[in-house]
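Which chain is which? The protein sequence lines are Y and U, in order. Throughout the first sequence, residue numbering follows my numbering, covering 1 to 814 in sequence. Throughout the second sequence, residue numbering follows my numbering, covering 1 to 128 in sequence.
It is worth saying that the hints were derived from the structure and are not from the lab. Glycine is no exception: its CB is placed at the ideal position from the N, C-alpha and C atoms. Take the hints with a grain of salt, since some may be wrong.
[To be verified] Restricting the straight-line Cα-Cα distance to at most 27 Å, the calculated cross-link-like pairs of lysine-lysine (DSS-like) are: (1) Y:Lys343 x U:Lys73; (2) Y:Lys787 x U:Lys73; (3) Y:Lys175 x Y:Lys109; (4) Y:Lys115 x Y:Lys150; (5) Y:Lys319 x Y:Lys333; (6) Y:Lys342 x Y:Lys175.
[As the list claims (entries may be wrong)] Across the chosen pairs, the derived CB separations fall in these ranges: (7) U:His43 x Y:Ile799: 33 to 41 Å; (8) Y:Lys478 x U:Ile87: 40 to 48 Å; (9) U:Ile87 x Y:Gly741: 36 to 44 Å; (10) Y:Ile799 x U:Asp71: 33 to 41 Å; (11) U:Asp71 x Y:Pro521: 47 to 55 Å; (12) Y:Lys115 x U:Ala74: 35 to 43 Å; (13) U:Ala74 x Y:Ile495: 36 to 44 Å; (14) Y:Met779 x U:Glu95: 47 to 55 Å; (15) Y:Asn271 x U:Glu95: 47 to 55 Å; (16) Y:Leu617 x U:Ile87: 27 to 35 Å; (17) U:Ile87 x Y:Asn250: 28 to 36 Å; (18) Y:Pro521 x U:Ile87: 17 to 25 Å; (19) Y:Ser581 x U:Pro55: 32 to 40 Å; (20) Y:His227 x U:Ile87: 31 to 39 Å.
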Amino acid sequence: MKRWLLILAVTVTAALARPPSAHAQSAPPASLSQVEDRIASARAVMMTDPARAVVEAEAARSGARRLKGGQARIDLATATWLSGEAYVRNNQLPLGRQRIEEALALARKAAAGSKLNGDVLLSRGNYRALTADVAGALADFQAAFAIYRKINETRSEAITLLTIATLHLDANDFKSGLKYVDQALQIYQGDPQLMVSLHNNRGDMLRELGRYAEAEAEFDKALDLAHRMNSDALILPILRNIARNELAENKLAEAGRVIDEALLVSRRLDNPAERTKVLGVAAQLHLQRRELGVARALIEEAFSGNIARDDTQFWQAQKTAYEIYHALGDDKKALEHLEALKKLDDETAKLAASTNNALMTARFDFANQELKISRLQEDEAKRKLEYERSRVRTQQAIFIGVGVTAIGVVAMLAFGIVTLRRSRNEVRAANIDLASTNEALGRALAAKTEFLATTSHEIRTPLNGILGMTQVMLADRKLDPQVRDRIGVVHGAGISMRALVDDILDVAKMETGNLTVERAPLDLPEMLRDVSRLWEDQARSKGVAFDLDLSAAPGRIESDPARLRQVVFNLLSNALKFTPSGRISLTAGATGAAPDERLRIVVRDTGIGIPAEKLDLIFESFRQADAGTTRQFGGTGLGLAICRNIARALGGDVTVESVVGEGAAFTVEVPLVRLPAAEAAPVAGADEPSLMIVDRNPISRAMLKTLIAARLPDVRVAGSVEEAQAAIAAGWVSRAVMDEGTARAQDDVEGAIRALSGVPLTLLWTQPGEEDQALFSRMGVDQLVVKPITGSALVEKIISARPVIKQYIASDAA
Amino acid sequence: MNVLFIEDDPMNRRVVADMLDVAGARLAEAENAEIGLRMIDAHDYDMALVDLRMPGMDGISAIREIRARNDAKANLPIIVVTADTAIDLRERCLEAGANEVLFKPVAMDALFEAMGRILAGRGDDVIL
Numbered sequence: 001m002k003r004w005l006l007i008l009a010v011t012v013t014a015a016l017a018r019p020p021s022a023h024a025q026s027a028p029p030a031s032l033s034q035v036e037d038r039i040a041s042a043r044a045v046m047m048t049d050p051a052r053a054v055v056e057a058e059a060a061r062s063g064a065r066r067l068k069g070g071q072a073r074i075d076l077a078t079a080t081w082l083s084g085e086a087y088v089r090n091n092q093l094p095l096g097r098q099r100i101e102e103a104l105a106l107a108r109k110a111a112a113g114s115k116l117n118g119d120v121l122l123s124r125g126n127y128r129a130l131t132a133d134v135a136g137a138l139a140d141f142q143a144a145f146a147i148y149r150k151i152n153e154t155r156s157e158a159i160t161l162l163t164i165a166t167l168h169l170d171a172n173d174f175k176s177g178l179k180y181v182d183q184a185l186q187i188y189q190g191d192p193q194l195m196v197s198l199h200n201n202r203g204d205m206l207r208e209l210g211r212y213a214e215a216e217a218e219f220d221k222a223l224d225l226a227h228r229m230n231s232d233a234l235i236l237p238i239l240r241n242i243a244r245n246e247l248a249e250n251k252l253a254e255a256g257r258v259i260d261e262a263l264l265v266s267r268r269l270d271n272p273a274e275r276t277k278v279l280g281v282a283a284q285l286h287l288q289r290r291e292l293g294v295a296r297a298l299i300e301e302a303f304s305g306n307i308a309r310d311d312t313q314f315w316q317a318q319k320t321a322y323e324i325y326h327a328l329g330d331d332k333k334a335l336e337h338l339e340a341l342k343k344l345d346d347e348t349a350k351l352a353a354s355t356n357n358a359l360m361t362a363r364f365d366f367a368n369q370e371l372k373i374s375r376l377q378e379d380e381a382k383r384k385l386e387y388e389r390s391r392v393r394t395q396q397a398i399f400i401g402v403g404v405t406a407i408g409v410v411a412m413l414a415f416g417i418v419t420l421r422r423s424r425n426e427v428r429a430a431n432i433d434l435a436s437t438n439e440a441l442g443r444a445l446a447a448k449t450e451f452l453a454t455t456s457h458e459i460r461t462p463l464n465g466i467l468g469m470t471q472v473m474l475a476d477r478k479l480d481p482q483v484r485d486r487i488g489v490v491h492g493a494g495i496s497m498r499a500l501v502d503d504i505l506d507v508a509k510m511e512t513g514n515l516t517v518e519r520a521p522l523d524l525p526e527m528l529r530d531v532s533r534l535w536e537d538q539a540r541s542k543g544v545a546f547d548l549d550l551s552a553a554p555g556r557i558e559s560d561p562a563r564l565r566q567v568v569f570n571l572l573s574n575a576l577k578f579t580p581s582g583r584i585s586l587t588a589g590a591t592g593a594a595p596d597e598r599l600r601i602v603v604r605d606t607g608i609g610i611p612a613e614k615l616d617l618i619f620e621s622f623r624q625a626d627a628g629t630t631r632q633f634g635g636t637g638l639g640l641a642i643c644r645n646i647a648r649a650l651g652g653d654v655t656v657e658s659v660v661g662e663g664a665a666f667t668v669e670v671p672l673v674r675l676p677a678a679e680a681a682p683v684a685g686a687d688e689p690s691l692m693i694v695d696r697n698p699i700s701r702a703m704l705k706t707l708i709a710a711r712l713p714d715v716r717v718a719g720s721v722e723e724a725q726a727a728i729a730a731g732w733v734s735r736a737v738m739d740e741g742t743a744r745a746q747d748d749v750e751g752a753i754r755a756l757s758g759v760p761l762t763l764l765w766t767q768p769g770e771e772d773q774a775l776f777s778r779m780g781v782d783q784l785v786v787k788p789i790t791g792s793a794l795v796e797k798i799i800s801a802r803p804v805i806k807q808y809i810a811s812d813a814a
Numbered sequence: 001m002n003v004l005f006i007e008d009d010p011m012n013r014r015v016v017a018d019m020l021d022v023a024g025a026r027l028a029e030a031e032n033a034e035i036g037l038r039m040i041d042a043h044d045y046d047m048a049l050v051d052l053r054m055p056g057m058d059g060i061s062a063i064r065e066i067r068a069r070n071d072a073k074a075n076l077p078i079i080v081v082t083a084d085t086a087i088d089l090r091e092r093c094l095e096a097g098a099n100e101v102l103f104k105p106v107a108m109d110a111l112f113e114a115m116g117r118i119l120a121g122r123g124d125d126v127i128l
């Protein structure tokens with residue numbers, strides 16, 4: 001992992017460093033140029049002082065937020081990205097992730113397909129690689145590469161390829177790594193810092209493959225450049241690499257000269273970790289010379305510094321120490337270092353295995369997906385013309401995609417087994433233009449997304465027919481109850497199917513790295529109460545108790561309201577599904593202190609529980625703890641995968657604790673951003689009755705509601721006289737407004753008016769005759785508004801009548 | 001109320017026609033955007049519903065054509081009704097000039113709600 005970090009540091013310096021500019025100011029930036037100054041400052045101190053970079057980037061962010069226009073939006077995205085990078089460098093990973101995700105959403109909105117968009121993707125990929133999400137990282141790197149290629153950003157292309165190469169390096173797949181570095185060198189030969197990194201990495205991989213002479217040539221090139229840049233920090237690791245290469249070839253004299261130079265540089269540099277590593281190589285030289293006394297003195301000095309011994313970067317030094325003590329017969333000391341070595345070995349092996357696995361999985365998933373696509377595509381082949389066109393495009397991509405996958409697998413097998421035929425295989429591999437392979441991979445991924453979008457479209461269309469017609473039928477008040485019940489079942493099934501299609505689409509977005517989150521103000525208790533309401537009834541009807549505890553919940557926060565709601569919704573749905581009896585509880589609170597304060601939402605149930613060994617599995621797509629679960633409880637097994645992905649996109653995570661037979665507790669934790677409480681809006685509470693619109697026509701009902709709600713805080717609606725009557729009886733209504741059509745829909749107009757007599761009534765009537773007016777007057781109708789009338793005039797009249805004043809407004813239509 | 005629906009799928013047209021019938025509105029149907037634009041020329045509608053994926057001119061282009069008109073019909077309220085769920089689709093439609101975007105399967109309540117809301121937004125032009 002350390003090797004990875006080192007390479008990363010070099011590449012990212014190259015990506016971020018810009019000439020330092022305006023000095024840091026304390027006032028928040030108020031103009032575009034001031035914002036851009038702060039952005040430049042953030043870039044300038046990114047490597048040397050990430051904490052300062054956070055401050056600069058955050059200042060630029062708040063400045064850019066207040067400005068309007070396209071450039072301000074791009075600046076906001078840039079500042080957010082830099083802030084994310086700086087947080088990651090400052091080891092504040094959750095905040096870093098949150099900012100990077102935000103930056104990605106902003107960049108896609110402000111400048112999709114731009115260099116900035118690619119840069120942010122690259123950052124997210126790096127972050128994902130750091131947190132062992134290798135498949136996600138690879139997807140991001142591919143996407144970034146595709147963007148750079150399109151806009152011909154060769155330097156960024158090279159950086160991306162180098163980054164992909166280091167992923168393979170982590171997997172101990174040096175051969176693939178080498179190919180990517182080679183391709184990077186073919187594309188770009190500019191920026192010296194990047195060139196140092198490319199040559200150094202190429203040498204590293206060649207040495208690992210036993211091609212020492214070629215490795216040496218690469219290190220020489222790197223060293224030459226590093227000398228010209230006069231950077232000790234770059235020179236030292238290269239010298240060490242050269243020395244190790246010489247030692248591997250047993251060229252002891254040459255190694256000795258290089259080590260002397262390295263020791264000299266390390267004294268100037270004054271970096272304990274680097275010094276330990278150089279001394280380790282020096283000790284190895286003397287070990288190989290069988291000068292055990294000197295070797296021992298050197299290795300003791302190496303480990304005497306103030307360093308963390310269990311760091312993987314000291315693997316080589318630990319190995320040398322073990323060999324020296326072993327040769328000296330000092331078994332106790334030898335064992336000490338052997339144990340340390342074993343620990344580091346396990347760690348690196350684990351990392352290599354998991355990275356390798358993830359890379360393999362990424363490729364195989366891809367292959368499976370392509371097969372599925374082609375099969376389904378064939379079934380649907382005879383559809384419309386446009387569909388036909390997209391099928392042809394997809395199949396082309398599949399053809400190339402399958403080729404790419406095969407190449408990937410062949411390369412891996414070749415590395416493992418056919419070492420003797422290495423050179424021949426390499427000639428063949430070298431002939432493959434990796435640029436076009438990469439492009440093909442990108443195309444095939446796009447085809448997969450397109451396929452999912454098409455399928456989703458194709459399912460939604462018939463579903464529209466089913467749900468549309470059930471809604472129309474259920475809207476018929478005269479429907480026979482038994483028939484209504486049956487249509488209700490069809491409708492319910494359609495709704496479930498729609499949820500399923502939505503879930504699949506969400507998973508597709510996640511796989512292609514397109515799941516983005518937004519930031520908006522959210523009344524958390526209100527949202528949680530609202531979600532609970534949906535599940536409370538279902539729990540009750542199942543005989544399961546439902547507790548909602550919001551006593552410690554934060555009030556107004558900043559988050560993605562729809563996505564956070566989706567998480568809680570899925571967790572509650574899940575809890576209810578697996579809880580045959582007992583209780584379900586939803587609790588919200590906060591942990592930690594600002595600025596690392598976190599929102600914690602816990603959904604606890606007394607259901608069947610999850611076996612310990614399945615706890616990780618349940619968060620994977622299409623996985624439930626037990627295949628039988630699907631048959632017994634239904635569901636797609638997508639809900640929890642979606643929850644986890646959303647929570648992570650929000651900068652947090654979902655975790656689970658469970659005891660089989662006793663229940664489970666799912667905990668969502670995301671960074672908490674509190675907002676000041678909203679200004680007390682004059683919202684009528686449950687105790688203040690409101691105006692009620694009684695209109696059986698849903699369109700004019702919605703229209704009236706919008707018109708009046710713009711002027712009055714709380715407006716209720718009813719679709720029928722009966723509905724309105726119930727609300728009046730419950731004391732929820734202070735005034736009713738009824739339309740002529742609704743009154744006439746009753747058998748007698750008089751009865752309809754009488755039904756609403758509990759509150760002052762406004763009637764909307766077209767050209768009322770004299771006896772109509774007499775009737776209204778006799779029945780105590782409070783206000784009569786004659787139609788036709790313009791919307792605004794109507795609202796004025798209703799509002800002016802709101803304090804209960806008797807008034808008849810006859811024939812004054814606008 | 002007279003509503004025009006530009007949509008190539010006859011079943012979807014039928015569904016929306018039946019839905020609007022519940023609300024007492026009449027639906028005129030156009031099976032592609034070219035026909036739809038000609039119908040707007042010839043008649044006065046209170047609102048247009050537009051699908052996106054159609055043979056020939058697509059929905060977004062049709063919306064742009066309507067908004068580019070030189071007469072009052074340029075302000076015709078437009079709701080996009082689509083089964084597409086591409087990212088940023090909503091923004092793209094709103095940018096082209098749609099008043100609202102609804103995704104299939106369309107919830108009847110949501111359709112009426114959107115229609116009422118858009119009609120109310122026309123201020124003094126609303127006649128009840």
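Now for the hints, and whether the structure bears them out:
Note on Lys343 (chain Y) and Lys73 (chain U): the hinted pairing is violated, with a Cα-Cα distance of about 75 Å set against a maximum of 27 Å. The suggested pairing of Lys787 (chain Y) with Lys73 (chain U) holds, with an alpha-carbon distance near 25 Å, which does not exceed 27 Å. Distance hint between Lys175 (chain Y) and Lys109 (chain Y) is unfulfilled; the C-alpha atoms sit about 38 Å from each other, more than 27 Å. Taking the CA atoms of Lys115 (chain Y) and Lys150 (chain Y), the gap is about 10 Å. The hint holds against a cut of 27 Å.
For a cut-off of 27 Å, the pair hint linking Lys319 (chain Y) to Lys333 (chain Y) stands: about 12 Å separates their Cα positions. For the hint pairing Lys342 (chain Y) with Lys175 (chain Y), the CA-to-CA distance comes to about 26 Å; that is within 27 Å, so the pair holds. The hint said 33 to 41 Å for the Cβ distance between His43 (chain U) and Ile799 (chain Y), and at roughly 36 Å that hint holds. Judged by the Cβ atoms, the range 40 to 48 Å given for Lys478 (chain Y) and Ile87 (chain U) holds: they are separated by roughly 43 Å.
In this structure, Ile87 (chain U) and Gly741 (chain Y) meet the distance hint of 36 to 44 Å, their C-beta atoms being roughly 42 Å apart. Our hint of 33 to 41 Å for Ile799 (chain Y) and Asp71 (chain U) holds, since their Cβ atoms are close to 34 Å apart. Checking the proposed 47 to 55 Å range against Asp71 (chain U) and Pro521 (chain Y) shows it is violated: the Cβ atoms sit about 41 Å from each other. Take Lys115 (chain Y) and Ala74 (chain U): their Cβ atoms lie about 38 Å apart, and the range 35 to 43 Å holds.
In this structure the supplied range 36 to 44 Å holds for Ala74 (chain U) paired with Ile495 (chain Y), their Cβ-Cβ distance being about 38 Å. The hint said 47 to 55 Å for the Cβ distance between Met779 (chain Y) and Glu95 (chain U), and at roughly 52 Å that hint holds. Range check, Asn271 (chain Y) to Glu95 (chain U): Cβ separation about 54 Å, and the 47 to 55 Å hint holds. The given range of 27 to 35 Å is respected by Leu617 (chain Y) and Ile87 (chain U), whose C-beta atoms sit roughly 29 Å from each other.
Between Ile87 (chain U) and Asn250 (chain Y) the C-beta distance comes to about 58 Å, which lies outside the given range of 28 to 36 Å. Taken as a hint, the range 17 to 25 Å holds for the pair Pro521 (chain Y) and Ile87 (chain U), whose Cβ atoms sit roughly 23 Å apart. Distance hint for Ser581 (chain Y) and Pro55 (chain U): a CB-CB separation of about 55 Å, inconsistent with the stated range 32 to 40 Å. Roughly 49 Å separates the CB atoms of His227 (chain Y) and Ile87 (chain U), a value that falls outside the hinted 31 to 39 Å.
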